[in-house]
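**Student:** Residues per chain are reported as follows:
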Amino acid sequence: MLQYTLQRIALALGIVFVAISILYTVMITLPGDPTTVLLGPRATPELRAAFRANLGLDNPVHVQIAQFWGRIASGDLGTDYNRNRPVAEAVFSALPHTMALVFGAIVWSAVLGIMLGAFSADNRNSWIDRVTAVLSVGFLAAPSFVVALYSLLLFSVTLRWFPTIGAGEPGDILNRLYHLALPSFAIGLAWVGYVARIVRAAMLETLGENYIRTARAFGLPRRTVIYNYALRVAILPAVQVLGVGIGGLLSSAVFAEIVFSRPGIGSLIYDSVSGRNYPVVMGSMLVAIGFFVTCALIADLVNAALDPRHRTRS
Amino acid sequence: MTAFRHTLTGRLLADPLAVVAMLIIAGMVMVALLADVISPHDYSAMNLVDRFSPPSATYWLGTDNLGRDTFSRLAQGSRIALYVALTAVTISGAIGLVLGMIAGFGPRWLDNSLLFIFDTARAYPTIILALALAALLPRGLSTVVIVVVITSFSEYGRVVRTQTLSLKNAEFILAERAMGASFGRIVFHHILPNVLGPFFILAAMNLPVVITIEAGMSFLGIGVPPGTPSWGATLKDGFDYIRTTPWIILAGGLPLILVTLGFTFLGEALRDQLDPKLRKGR
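Same order as they appear, the protein sequences are chains A and B. Note that the working numbering has the first sequence beginning at 18, numbered continuously upward. Note that the working numbering has the second sequence beginning at 43, numbered continuously upward.
If you are wondering where the hints come from, they were derived from the structure by calculation, not from laboratory data. Glycine included, every Cβ here is placed at the ideal spot set by N, Cα and C. Please note that the accuracy of each hint is not assured.
Which stretches of chain B does chain A cover? Using the computed rule of at least three CB atoms under 8 Å from a CB of chain A, they are [as the list claims (entries may be wrong)]: (1) 176-190; (2) 281-295; (3) 303-310.
Model the full structure from these sequences, guided by the hints.
**Tutor:** Here is the structure:
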């Protein structure tokens, strides 16, 4: 297990390193001079040259990448020249909002999805099972940003049940949750059906196992067997899918943050892109990719810890 | 009737959800082909007198802030959606198919390096990568296609690799080899046809994903150029005036939901028919 864990961590670090390096290379080699953006079209050539030298833009590409990672290693994500603050400050004040949104969506959709999936497997071919099956594909197909727009229109603009903008008052947890409810509903909706399907399939498979039959033969109550014994194993595939699904949720979070005018990594990148603010774009990408790869890694390790068969799979 | 159900089309026609799905997709293709004929107005014609008109006999789905007819714009938008989806899925599928087969057949080190490339490409969250590249690349459909190809070729690659690996040492392949079949014959006559089933299911499932990515990027203003009637651009116009003219958002989201539903139901039905092993819990 230790060897597997170390291998996976090394692989995750490698992936983040290569993914960001490629992006950084593209960013510094593509035409389009950052000095024009930062200094404006009327800057003198001397000023540009001085600025380029100051930023290290004259060095060859591989040196620039080495310098970039050197800065990252010392905890410096660069400087946001547009607003004259460290990129790290901008990114790490935005990250908690995005994490709250993503985890909020995961928690409610996983809880509801697992319950629906277990219930469907228990009551196979009942009308609830059939409705869940159709709805789960239906929800899965609804694009999250359309769901976000429709729920904004229905619950905030028309019914006025929920606030339309912002993340709530700092320090006031209830107010924060109130602002979080609708966005996390919107991006979690697709996952309810997905989790339900996966849990249902895994449940049906598990219920056919020998140890479940043994438990039944021992006369354990049906409820205990299904919801305690089988469900515990049937959740595993859903954990794996949710870990990888963080990437999709991050993309959905961008829309939710823009539709509901929330602060977060998505709206930070969005604003930086329109302002051609490359250091902030790069810093946010690093954090977003790092967050995604970490979540996928954790899901992988949790699965391996709970199910040893998983470790040998390539 | 029983004989009829042995063909793929026959079995799909027996599945009500598949029929609904095919009707939706056929409808979308018809709208895309006949967009100029069925549109009551020119999709780009501005009519400032009639701006923000609610749905009426003249403007079936109302008009936007420039008085452009929403229905005509959505009809035209189906062309963009189909064009991007088909182009992007074809390119990423082709790359994935080739790389996946190379990984499946190649030596261990090549397989491992390709797997690493697949994992790395998968690490980019699609829309966030789209935003980062939007800062660098010109706005347009080709940027949308590039983003989709980067983030999705690895999916095809993985599926094709797994399939190739399991077939490589199958008995009928070993028999072919023992009989002296050439490498090309084994690849093109035996491996490829067996790989294509799961490959096409994945492609069908990915079409609505690509349509959503295009609409999403256009909604964020990093997809189609300004003025292009993409579904996402229509939603963006509606979002800006959500308090006064809700019908633009309502109408703009519908084709997107319908089409993703259609393709997803069809993909599910295809998977059930073509690959019973993948059938989950039925």
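**Student:** Hints first: check each against the structure and report whether it holds.
**Tutor:** Taking the hints in turn, this is what the structure says about them:
As drawn, the stretch 176-190 of chain B meets chain A at 4 residues by the rule of a beta-carbon pair under 8 Å; at three or more, the given contact holds. With a threshold of 8 Å between beta carbons, the proposed coverage of the stretch 281-295 of chain B by chain A holds, since 7 of its residues qualify and at least three are required. Residues of the stretch 303-310 of chain B with a Cβ under 8 Å from some Cβ of chain A number 5, which satisfies the need for three, so the listed coverage holds.
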